[in-house]
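These protein sequences, in sequence, are chains A and B. Reminder that position 270 of the first sequence reads as 313 in my numbering, one-by-one numbering, no gaps. Reminder that position 184 of the second sequence reads as 192 in my numbering, one-by-one numbering, no gaps.
A couple of the hints might just be wrong.
To be verified - Listed next, the in silico DSS-like pairs over lysine-lysine satisfying Cα-Cα at most 30 angstroms (straight line):
id	chain 1	residue 1	chain 2	residue 2
1	A	Lys349	B	Lys163
2	A	Lys351	B	Lys187
3	A	Lys128	A	Lys143
Said to hold, decoys possible - Here are some chain B residues pointing at chain A (derived, C-beta under 7 angstroms):
id	residue
4	Asn48
5	Ala52
6	Pro54
7	Ala55
8	Phe113
9	Arg167
In case anyone wonders, no lab produced these hints; they're calculated from the structure. For each residue, glycine too, the CB sits at the ideal point set by N, CA and C.
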Amino acid sequence: MLIRDSKQGFDHGVPSEITPEPVYRARRDLMRSMSAVAAGAALAGWSDRQAFAQPATPAGTRRLSGVMRSTVPGAVTLERLTDAKDASGYNNFYEFGTDKSDPARYAGSLRTTPWTVDIEGLVAKPGRFAMEELLKLSALEERVYRLRCVEGWSMVIPWVGYSLAHLIKRVQPLGSAKYVEFVTLADPGMMPGVRSRVLDWPYVEGLRLDEAMHPLTLLTFGMYGEVLPNQSGAPVRLVVPWKYGFKSGKSLVRIRFTDKQPMTAWNKAAPGEYGFYSNVNPQVDHPRWSQATERRIGEDGLFSKKRKTLMFNGYESQVGQLYAGMDLQKYF
Amino acid sequence: MTIKPSALEGWHWFAAATKPLAFVVLLVPLIWLIYAASNNLLGANPAQALVRASGDWTLRALCLVLAVTPLRVVLNWSGLARLRRMVGLFVFFYATLHALSYAWFEMGLELADLSKDIGKRPFILVGFLAWSLLLLLALTSFDRAVRWLGGRRWKRLHRGVYGVALLSVLHFFWMRAAKNDVAEVAWYGALLLLLLGWRAVRARRIAMLA
């Protein structure tokens, strides 16, 4: 028998974590479709997609095909999935308003075709990628990640995408490139929230190059087996599972390689509250609230105690070495 | 001059019904929240929804109770005065629900966590102060308390509700300030300022007349 310890990743074994029926049925569907279609055929679902914010209903046209279960260590947690309805109805996406229900309500105005992503800065092969090229660049994988919001709630979401590292290797960063900056769309015509001054638009996020290269850093095109709903960052977003959710930029339009640490949107707005790293860390409180616990959306009842937040959101064994010797109180 | 008995009766009926009617209306938010919570209508994060809704209703009741006197004077409707205590107790009631939902749903009723949180977050401290002040007013809200304290002292004590109004807006402002999202706070702030400003102007006029 294989004996696992906490150094190898997140431990499972509680009966309540047995995969619910709809989930394994969905996975079987994925396996079936996978055998039939090559990775490029993922485009079929893409061309049919409609630019409306939709509740993630199992509508066939939005389904991504050719998706394989990820084999990256730590990429598939067996915890209970958050309802797709909650994951696409309770969002922070300030470009559409600051209320959690605003993105689902207003993101219908976002047009996601055509869409391009510019690669700029310290790379040997800069250029503009069309969505179709990006989708073909590597095989799509399903990854089930925990998502921990800096506000103290969490979800478990099955994303579809591939490691950002595949794209980074393709564009060949120069030796001088140390950081990656992610710029997201800020179009006041399609995004009503951009007219307010909540943040300095466009929303910019950033990672150190080694963080961006980590296999868990996901360039994401879908969730729950379908293309991303607009309110979740369509058509392409980042998911960095060991950092607070706001580090994962949505609706990306530009990826720039730099030698200086990027100025990120929240760091600019409140430098004392949101650091560049923003790794999930139960020992470093937000100046205005504790980060020791979290409420799992849809799972933890009103009167149940909140669950303990895990170091690096439970991905310590995979990403801990990125921060060896760093003072995480100082670099929060 | 004689008044037709029927008209008088009609008025009596209306005057007598105002208070029970207001009581029922002020209970509607509570009934809705209980219904929504038990039928899963509060969205993905019901705990947060309950904390927010109870806070919103506290503020609304507070605006209402502070509007009683201006309305009574402006509309020359003396009957309104009889509603003041009840509305005030509703402010305390919703504030208590708000504090309880926070303490229970957010803090798991852990006293250590609660006291730490009050120390850590200025806006929680401000909210706690406002609730403590309301508790004091609620405890001295019955007729005999007026006699014990003496009308003058009682009145001075119960002007503490103006302090509650200022603390509540500050509490709300601080909560929202982090998101630069203070439009709603501004509405409540403006309304409360208007209600308190009306009193200041009136007090001045009365002082000048005296």
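Can arginine 167 of chain B be said to touch chain A, with a Cβ gap under 7 angstroms? Violated - the Cβ of arginine 167 of chain B stays beyond 7 angstroms from chain A, reaching only about 32 angstroms at its closest.
Status of the proline 54 of chain B interface restraint (C-beta, 7 angstroms, chain A): holds, 6 angstroms
Quick one, is the alanine 52 of chain B hint okay against chain A at 7 angstroms, beta carbons? holds, 4 angstroms
Does lysine 143 of chain A lie within 30 angstroms of lysine 128 of chain A when you go C-alpha to C-alpha? holds, 13 angstroms
Please check whether alanine 55 of chain B passes as an interface residue: C-beta within 7 angstroms of a C-beta belonging to chain A. Since chain A brings a Cβ to about 6 angstroms from alanine 55 of chain B, closer than 7 angstroms, the hint holds.
Can you verify the interface hint for phenylalanine 113 of chain B: is its Cβ closer than 7 angstroms to any Cβ in chain A? holds, 6 angstroms
When the nearest CB of chain A is found for asparagine 48 of chain B, is that gap smaller than 7 angstroms? violated, 10 angstroms
For the pair supplied as a hint, lysine 349 of chain A and lysine 163 of chain B, is the alpha-carbon distance within the 30 angstroms limit? Violated, at about 44 angstroms.
Given the hint that lysine 351 of chain A pairs with lysine 187 of chain B, does the C-alpha gap stay at or below 30 angstroms? Since the Cα atoms of lysine 351 of chain A and lysine 187 of chain B sit roughly 26 angstroms apart, the hinted pair holds (cutoff 30 angstroms).
Against the hints set out earlier in the document, violations occur for numbers 1, 4 and 9.
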